[in-house]
Amino acid sequence: MTVARPRTLAEALGALEATPDAHLLAGGTDFMVEVNFGHRRPTDIVALRRVVELQGHEHADGHVTLGAMLTYAEIEADLAEDFPALAAAGRTVGSPQIRNAGTIGGNVGTASPAGDTLPLLVALDAEVDLAGPEGTRTVALDEFITGPKRTDRRPGEIITRVRVPRVTGPQQFLKIGTRNAMVISIACLALVLDLDARRVRCGLGSVGPRPLRPRAAEDFLSGEIDWDGPRAAPGAVRRFAELVAEACTPITDQRGTAEYRRHAAGVLARRAVERSLQS
Amino acid sequence: MTGNHPLAAESETYELSVNGRREQVKAAWLGESLLAVLRERLGLPGAKNACEQGECGSCSVFVDGVLVCSCCVLAADAVDAEVTTVEGLADGDALTDVQQSFLDAGAVQCGFCTPGLVVAVHDLLDRNPDPGDLEVREAISGNLCRCTGYGRILAAVEAVRDQRGRRSRP
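If you read the protein sequences in the order shown, they are chains C and P.
Every letter in the first sequence is one number past the one before it in our numbering, and letter 126, counting from 1, is 812.
Every letter in the second sequence is one number past the one before it in our numbering, and letter 169, counting from 1, is 292.
Looking at chain P on its own, in the form it has when it is part of the complex (with noise of 0.2 Å):
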């Protein structure tokens, strides 16, 4: 299958491109959600399955930049796009700022949704760099976390919020 046919022919093979490399997806059904394939058959355990409705957030990735969840993307139409998963945001074994404010605020407890709130931190803060407590709520709203009751993940955002605002003044 190929990115450009406009009716490609029944094929069980075809190319993604996740975090800067391409991947074949061989013997796949072409149903399957980009977030069975990102688990299941590329090894990329980072985005969660829990709800599979979009209801939850825990798979939450970037298609072509856009904050998504991969449970309700087919995998199939993702082909010509850019994905980036959070195994990919940051360099090699090193964290983000998001990631190690998560770790400093104590902002994990079982652990399971963090991986998405991370995804979609990133996403807000790269698009706002200085949001107000409402639109950090709003923007971790789709982010579901039964642990936490959200106080060390709220005060983690604003952590980097703070630290990035910090760093670009001068």
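If we strip away everything but chain C, and leave its shape as in the complex, we get (with noise of 0.2 Å):
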């Protein structure tokens, strides 16, 4: 067994190129769970939180670049003015120690259909930057991420950064589950007013395979807020609940029942509006 760690992107990528089936390690909150447990006897570890490149985030045009070993800590800490729903996601993974290891690449590359920052991101249009052999890469988060814990990572690339576009207007990240803290969410749902564009963008988590964009409601709803408020009339509001309710394919698990999700999905559709429109 080897474990590398690089100090710079090009050291990462030449680790991963000398052993291909290395696992990537992050924060190592869901990978060393997998080895303690004797679910995974990794043979080659590249170990990513050294790399220069992939620390921080940058303000660019139009858009936040959140470096891939940017830390929930750090997202709720540095990122609640540019991002208050990523900040309020961020807060709500693990404990105070999870949140200090795990990572927006980790919380990418393992793609949950739990994963918590991803509703707000694939509401946001968020990109993912992969840097691999053949060289670097762009792609929508939403189509990066495949299925559960499946992505379109190609053999010997790196998540790099997350590309998040600023947009205004109120935000709003809410999540069921069984106590504030340490929870896997049964469902979350992201909700954000995009003033500029009179869009409203929404994403829903753990209610289908992968991060969801409810898009027949947004579209609804986007028709129906008078955006100048915003204001929406309740019977609107209840509308969009029901077509985000529509929206999900979630499953029966230990955590919750398909309808409950389903249910819980509406319900936090309807608040989530509520709390962000003109009263």
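No lab work stands behind these hints, which were simulated from the structure alone.
Computed Cβ-Cβ distance ranges for the label pairs, DEER-style: (1) 223/P with 824/C: 47 to 57 Å; (2) 255/P with 920/C: 33 to 43 Å; (3) 914/C with 285/P: 47 to 57 Å; (4) 187/P with 919/C: 46 to 56 Å; (5) 233/P with 835/C: 34 to 44 Å; (6) 226/P with 724/C: 30 to 40 Å; (7) 226/P with 703/C: 50 to 60 Å; (8) 729/C with 187/P: 23 to 33 Å; (9) 226/P with 720/C: 31 to 41 Å; (10) 924/C with 226/P: 51 to 61 Å.
Output of the computed footprint for chain P on chain C, the stretches with three or more beta carbons under 8 Å from beta carbons of chain P: (11) 702-714; (12) 784-794.
Keep in mind it's a predicted model, so treat the numbers as computed, not measured.
We put the beta carbon where it would ideally sit given N, CA and C, even for glycine.
Build the complex: two chains, separate frames, hints provided.
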């Protein structure tokens, strides 16, 4: 077994080329659990936490790029003004210990249907930057995550940054679990009222094989909102909630039934809109 | 295995810095968690092994001053970091103010969660000397105690906070 500890992206790509089946290690909060329980016996690991190109965040024209090694704790502390719903989502992940370790690159790369940062990221049309043997490419997150814990990451590629467009308007993140801390979401939802584009943006987590965009619901409510408020009639908000629930493709598992998840998504949708509108 | 080499060759010996001491980890599988190495190879049983999935906080340690669950840290990836365990918080046999406060408040029942809680409370009070009740609860939300119901733990934290507050005022 080998553990590579690169300090630059070039070293990391070189290490991955030398050990093509290596597992990429970020915060370890998912990977080490699988190793501890004997579900995974890695032969090679490329540990990414030192790679300089993957650190921090940068403001660019119209968006912010988040380094893949940005932790939930850093998101909570540094990005609450740019992306309040992302900071809120980060704050619901695990415990302080987990938020100090887990990273945005790990959340995207693991692609769990319950990844808490993913609903807001897909709602904002975030993109993923990858570096690999053939150079770099940028993919829409909505296309990058192809199924439960499945992505379009190609052999030899490393997620370097996540590009998140900056959008003016209220943002909400709501999550249902059995307590406030240490829960994997049973259902979660991110909502953005994009005031410049006059568009409702919504992302759903834990109610489908991957983060979902309820586009029919978005289109409906975008046309119903009086954007000069913003205001909307209660009936329109109720209909939006129904359309969100209809967009869900949940499963029944130990955390909740499909019926509960669908119902919960509708409740979260209504609540998020009500919190975003001018009353 | 050395700290800076991009691709360390297969090796069963590496070095960790724990509580200010350089420690050799010999004949170890490189997939071991920091928790396993601390307890089973370095004779430091303060970090407790319970859930092994980052849920219970009983293995809390500092890695480069950052509070983490040592069960979720790959030990071989901590080679150039400074690890501080509950054993390294106090000088010799003395107790830290947090440890003394847990004793005074009776915040200990079976004691299994205590080391992790002590580490987490040091982290909280060193970053935020005057936390409110909700901040205290959030700071220890990842440390499970199945005995006390948390009442005396919260009382112990408040006592240290108030003590430190009195000391810092002229």
